[in-house]
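*Asks:* Modelling step: build the complete structure from the supplied sequences, incorporating the hints.
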Amino acid sequence: MTDVPAPRHIPDRLDTPLRSAIFSWEALLVVVAVAIFIINSFASPYFLDPYSLSDLTFNFTEKGLIAFAMALLIISGEIDLSVAAIIALASTMMGMAVQTGADTPVLVLIGIVVGLGCGAFNGLLVTRLGLPSIVVTIGTMSLFRGIAFIILGDQAYKGYPESFALFGQGYVWWVVSFELVLFLIAAVVYWFLLHRTSFGRRVFAIGNNPVAAQFSGVRVGRTKFILFCLTGLMSGIASVLITSRLGSTRPSIAQGYELEVITMVVLGGVSILGGAGSILGVVLAAFIMGLVTFGLGLLNVPGIVMSIFIGLLLIIVIALPIVWRRMRGGR
Amino acid sequence: MKAFLKYREIWLLAAIIVLIGLISTRFPAFADPGNLRQVFNDTSILMILALGQMVVILTRSIDLSMASNLCFTGMVVAMLNAAHPAIPIPLLIVIALLVGLVLGAINGLLVWRLNIPSIVVTLGTLTIYRGATFVLSGGAWVNADKMSPDFIGFQRAAFLGIPVLSWIAILVIALFFILMTRTALGRSIYAIGVNPTASVYAGIDVGRTKFIVFCISGMIGGLSGYLWISRYVIASVEVANGYELNIIAACVIGGISIAGGIGSAGGAVLGALFLGIISNALPVINISPFWQMAISGSAIILAVVLNARGERRQGRIILRKVEAA
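Chains as they are written, first to last, in this note's numbering: chain S, 608 to 938; chain W, 190 to 514.
What the hints contain is simulated information worked out from the structure, not anything from laboratory work. The beta carbon of each residue, even a glycine, is placed where N, CA and C say it ideally should be. Any given hint could turn out to be false.
[As the list claims (entries may be wrong)] Ranges between beta-carbon positions, derived for each pair: (1) 392/W x 818/S: 26 to 36 Å; (2) 334/W x 658/S: 45 to 55 Å; (3) 808/S x 302/W: 30 to 40 Å; (4) 389/W x 776/S: 48 to 58 Å; (5) 280/W x 788/S: 54 to 64 Å; (6) 199/W x 765/S: 16 to 26 Å.
[To be verified] Interface residues of chain S toward chain W, partial, derived using beta-carbon atoms under 8 Å: (7) 748; (8) 753; (9) 756; (10) 760; (11) 762; (12) 866; (13) 869; (14) 909; (15) 917.
[Unchecked claim] Here are a few chain S residues that sit away from chain W, every Cβ distance over 12 Å (derived from the structure): (16) 651; (17) 652; (18) 655; (19) 720; (20) 727; (21) 768; (22) 777; (23) 807.
*Replies:* Have a look at this one:
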């Protein structure tokens, strides 16, 4: 994005189709996921319990939902650092509505509309004024969360209706959470959108070469605007889930999520320089991050130490194919 | 282009003067020289950090790990001081610089040798360095009563009526000014940002220069680690959490283009001062500090809009139009 184009590391193209399947990014992620799963199941006797596996999903579903839209945005060569601030603002608005006695459908609508509105605001600034998205969204990140702070101060909104609890705490089938179902549906929808529609092809085209895409008749500005709206929308949905799970709103809600979402996307094999990536990779990366944090949680490893593992995982997994290629083919 | 750069800093300086003027209509004592010296001192650490981030951004890279580096190095020197109060402060500063250098060099090596985009590398090391702080300290805090009086007092000591912290900031500003305007390294940094491919043909080792740039930002992070801890007299894992984006914001307000190649040390300093004045003035003029984020967010967006206008003037117009359509 802001770097000199590095060699595309994903997917690693090797000699034969079989080999490329074995050494594909997704295959690498599957191996990592299985390895962590096995380590976890040996490390703690509580890990293989269905209820505990179900709890595991809460570690990544909310961030994963945003990661799908973020993946498309990053493939198109843009980025959105304001997603966590959008969650805070949408959650604050929902909290205000609760104080006036709004019911669950209204709250969900508010979450979605505020998210969409924030995304559209980012999109307009980036596409209409031609500004770099990394800076615009650093600005809107402070702006959105700032508004949440102005409204809330050091207070918290509580008193969400009981029916609102379904989204973040409810189960659809005995151990399958509502959040997980939503995550899987979103995965299918985004997979279809990115890999099976002309819209998805345009996203890749823009990421690979925006000027060429423009001359090929792709409406670059409009497509990017839609992608920002999608990211805002998913943040709004995530805001409904998180607010429901916590049952309260504080202005510091979801602080630092933006970097975790981006880590998830990059770990999933989406090139930060744009133009390459897959939804399957993001799904696998979401599972891996969930497995790592949950497994370490069972071993009573503090959250801050888990982040070391996530950071190391990110760098090692990204570096692995590059080192591998160097060792095989010289330089 | 040089005339334009000059224009942009003068413009920013004018904005700051207007800002101070506006604040002093509500609170006259704000424009008092003594108070302005205080504001400068309060903003010193952000200015130093913004200068370190500037050289990275100029080469089209980004260092998201600076605040975590600050946190880790701060913990190292605070623990050293708590365990061995006899270590003189200048030596501690050297240690802080070296620890920061090592952390920066790790970033730099990954960017240089493995060609991983800097945003990915520093996103990873951001969490690793902060986590390492926890491992190092075991989650414990180092409080003021464990720090030696010298450790806390050094940067507060006045020299010619100005605190040492301000002098350190002035020294760093001077060094960066010389680096960017008078040295071959400074020219290489600009060249890489403007056109990396052409820089290679001009004989500049792009990878190695990026490595050096990350070493510089690492050392700045380390130096700020000592300054931050001794100023706020508490070392914990939470120190400067999320501050990396404030540093980048200061650069952006200061007119440093995130696309590389455009910006100056003066701009970075003024950008940091702008943010510093806002955070210092809000409580003084009876605006709730909760407004601070929203105001600085709006300032960033406004600055980016103005920056983009300026950058568009210097060529690449055809492509720009195509991209924006």
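*Asks:* Hint by hint, say whether it matches the structure.
*Replies:* Structure-based check of each hint:
The supplied range of 26 to 36 Å is met by residue 392/W and residue 818/S, whose beta-carbon atoms lie about 29 Å from each other. In this structure the hint that residue 334/W and residue 658/S lie 45 to 55 Å apart at CB holds, the actual value being about 46 Å. Under the hint 30 to 40 Å, the C-beta atoms of residue 808/S and residue 302/W, about 35 Å apart, fit the expected range. Between residue 389/W and residue 776/S the C-beta distance comes to about 56 Å, which sits within the given range of 48 to 58 Å.
Separated by about 59 Å at the C-beta atoms, residue 280/W and residue 788/S satisfy the suggested range of 54 to 64 Å. Under the hint 16 to 26 Å, the C-beta atoms of residue 199/W and residue 765/S, about 51 Å apart, miss the expected range. The closest approach between the C-beta of residue 748/S and any C-beta of chain W is roughly 7 Å, which is under the 8 Å cut-off, so the hint is satisfied. A least Cβ separation of about 3 Å between residue 753/S and chain W falls short of the 8 Å threshold, and the interface hint therefore holds.
Because the smallest distance between the Cβ of residue 756/S and any Cβ of chain W comes to about 4 Å, under 8 Å, the interface hint for this residue holds. This hint holds: residue 760/S has a C-beta 5 Å from the nearest C-beta of chain W, less than the 8 Å allowed. Below 8 Å, beta-carbon pairs count as interface contacts, and residue 762/S has none with chain W, the closest being about 10 Å; its hint is therefore violated. For residue 866/S, the suggested interface contact is upheld, since its CB lies about 6 Å from the closest CB of chain W, less than 8 Å.
With a cut of 8 Å, the hint placing residue 869/S at the interface with chain W holds, because the nearest CB-to-CB distance is about 6 Å. The beta carbon of residue 909/S comes within 7 Å of a beta carbon in chain W, closer than 8 Å, and the hint placing it at the interface holds. Because the smallest distance between the Cβ of residue 917/S and any Cβ of chain W comes to about 6 Å, under 8 Å, the interface hint for this residue holds. With a closest Cβ-Cβ approach of about 21 Å to chain W, residue 651/S is found to remain outside the 12 Å limit, as its non-interface label requires.
Consistency note on residue 652/S: stated as away from chain W, and its beta-carbon is indeed over 12 Å from all of that chain's, at 26 Å minimum. Remark: the non-interface label on residue 655/S is consistent with the geometry, its nearest Cβ contact in chain W lying 27 Å away (cut-off 12 Å). Once the 12 Å rule is applied to beta carbons, residue 720/S is consistent with being away from chain W; the minimum gap is 20 Å. A cut-off of 12 Å between C-beta atoms confirms that residue 727/S is not in contact with chain W; the least separation is 15 Å.
Residue-level check passed: residue 768/S sits 27 Å from the nearest beta carbon of chain W, beyond 12 Å. Non-interface status of residue 777/S relative to chain W is upheld: no Cβ of that chain comes within 12 Å, the nearest being about 31 Å off. Distance to chain W confirms residue 807/S as a non-interface residue, since its nearest Cβ pair spans about 21 Å, more than 12 Å.
Violated hints, listed in ascending order, are 6 and 11; each of the other numbered hints is respected by the structure.
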